[in-house]
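Student: If you want the building blocks of each chain, they are given just below.
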Amino acid sequence: MTTEIVIFTVLFLIVSGMGFVASRWRRPDDIASLHEWGLGGRNFGSWITWFLVGGDLYTAYTFVAVPALVFGAGATGFFAVPYTVIVYPLVMIVLIRLWSVSHVHGLVTPADFVRARFGSPTLALLVAVTGIVATMPYIALQLVGIEAVLKTMGVTGDLPLIIAFAILAAYTYQSGLRAPALIAFVKDILIYVVILVAVIYIPAQLGGWGSIFDAAQAKFDATPAPTDGVLLNANNQLQYVTLALGSALALFLYPHSVTGVLASKNRDVIKRNMSALPAYSVLLGLIALLGYMAIAAGVEPIGTDVNTVVPQLFDRMFPDWFAGVAFAAVGIGALVPAAIMSIAAANLFTRNIYREYIKRDATDAQEAAASKIASLVVKVGAVLFILLIDPQFSIDLQLIGGVIILQTLPSVALGLFTRWFHRAGLIAGWTAGMAAGMLMLYNIANPATNHAHFGSSAFALSKLGLDTKMTIYAGFLALAVNLIVALLGTLIARSAKLADGPDATRTDDYTADQGDPRVHDLEVTSST
Amino acid sequence: MTTPRTDRSPWNWLLLLPIAVPLIPALFNAVEPRLFGIPLFYWLQLAFVLLSVAVTLVVYHMTRRAR
Chain E
1 MTTEIVIFTV LFLIVSGMGF VASRWRRPDD IASLHEWGLG GRNFGSWITW
51 FLVGGDLYTA YTFVAVPALV FGAGATGFFA VPYTVIVYPL VMIVLIRLWS
101 VSHVHGLVTP ADFVRARFGS PTLALLVAVT GIVATMPYIA LQLVGIEAVL
151 KTMGVTGDLP LIIAFAILAA YTYQSGLRAP ALIAFVKDIL IYVVILVAVI
201 YIPAQLGGWG SIFDAAQAKF DATPAPTDGV LLNANNQLQY VTLALGSALA
251 LFLYPHSVTG VLASKNRDVI KRNMSALPAY SVLLGLIALL GYMAIAAGVE
301 PIGTDVNTVV PQLFDRMFPD WFAGVAFAAV GIGALVPAAI MSIAAANLFT
351 RNIYREYIKR DATDAQEAAA SKIASLVVKV GAVLFILLID PQFSIDLQLI
401 GGVIILQTLP SVALGLFTRW FHRAGLIAGW TAGMAAGMLM LYNIANPATN
451 HAHFGSSAFA LSKLGLDTKM TIYAGFLALA VNLIVALLGT LIARSAKLAD
501 GPDATRTDDY TADQGDPRVH DLEVTSST
Chain R
1 MTTPRTDRSP WNWLLLLPIA VPLIPALFNA VEPRLFGIPL FYWLQLAFVL
51 LSVAVTLVVY HMTRRAR
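As you go down the protein sequences, you meet chains E and R in turn.
Take the first sequence: its letter number 171 is residue 171 in UniProt numbering, and every next letter is one higher.
Take the second sequence: its letter number 67 is residue 67 in UniProt numbering, and every next letter is one higher.
Careful, some of the hints might be misleading.
[To be verified] Okay, the calculated beta carbon distance ranges per label pair:
(1) R:Ala26 with E:Ser211: 22 to 30 Å
(2) R:Arg34 with E:Leu387: 38 to 46 Å
(3) E:Gly515 with R:Gly37: 25 to 33 Å
(4) E:Ile162 with R:Ala20: 56 to 64 Å
None of these hints come from the bench; they were simulated from the model.
Glycine is no exception: its CB is placed at the ideal position from the N, C-alpha and C atoms.
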């Protein structure tokens, strides 16, 4: 046990140290501007983008939450694989247009885009607030990952978690996006090594894949729960599909994925990455199966915390020193995305709330300062999510974030293709979708801990009066409500002859690429 | 002055394939045939990753702009 803690601590400290050094890496003349701090100057090539985007998409969520769901519910947890398969083609179609229009108009956030496209500061504010709030549970999920590792190493109480986040907060504060981009290399190498060892070594110890799945089958056969099993059943197939699609749609609406994509050098870098990133999906699938390995190895979670099954599995199967390495991989794997997410949320605050509503004539240095403070506030918000919401599976923290962020899809993703929607309709749709989503989440209980509310993201269709046991991803239904209201609202606004907001973008802005005279490197700051 | 650029390319339709296929459980919701003891449900969905890689690579190369 001591060996584990020592190795974990040493690796963790080395990597945190790198974060501080990163502030000197590729150092610009002036880091005290938002573009430098928040987007790393926007000149990342393929490799860095790959690590950066991969780093924030595959997180502690991957290592801890997905296998925990597979451990507890079986096939449903594997939704993470189709989710990360369909997300890349989607990005190739959608986000690539955001890259172009952002580089023509000097936009840094999704809310910037909405403001330019629909000429509505109110809608932009809604998009910004949504992005900030939705990011908090996602960061919370990373905290849960670190927590699970610390629990397994026998560290209890809240103190270790507080220390870990203090380190994170300190180096993000210091280095901005440069810190996580550099650390992402180390993190990914660590994770690849641990996973390759885990998926070769552990099944061999457990008598092969066949017996692992047999053990899982036996476990699910023995439980009374109707929703678990090695395969999907008639009632959770819809949930599985909507969860995969909904999560994929949500993923690239998150401010942090947008940040990663915008930081690429040109459109080809993005496209190339979309074909290279699925390498992570294979890894994710193998990690998900760690949940079954834990079943076969007879691992029991600590208390009722299923998040501890993977760390427990490592602890049992690996020699102490390698378990320490694995724990460090999980811990750092939580740190990197948490940093990127909080920076992206902070950018949103500064660009779309601070500069729009609080201090219009803010200097670059003031903006960067406001961003740094906002990123701290977002991390505190994440801690509050953990304390206030306690879902059965921690992955639901991410899925709850998904329900929230999906409500910006009509304005951001559809807005990249069409300006047909009226700003009033979009605002009405957002309001209705958000209300519906919150209402559904509030009414989902968590039977494991006897909580009546915010227990998961699987909404039973029977609650709508339908005679079925089928469940559906709450975010998906909420988005449907949003779209319908936006559609009707637009028709009403048009017939009432309400004026459209001015559109600052032109059709060919959406296809501009590096080398185009209108495409700036976005060193242009306060002129936008 | 550059000629107006466009995203429209018939190759982009190919991207719908890796989006749609993983969303049809009827294709993979079965145990047999197993591969190395892994049920179809799991290995086939992992194989969809390769499908996605192949399609995105093809689209990337076919829609790449000449500089």
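Student: Hint by hint, which ones does this structure get wrong, listed from lowest number up?
Tutor: The structure breaks hints 3 and 4; every other hint is satisfied.
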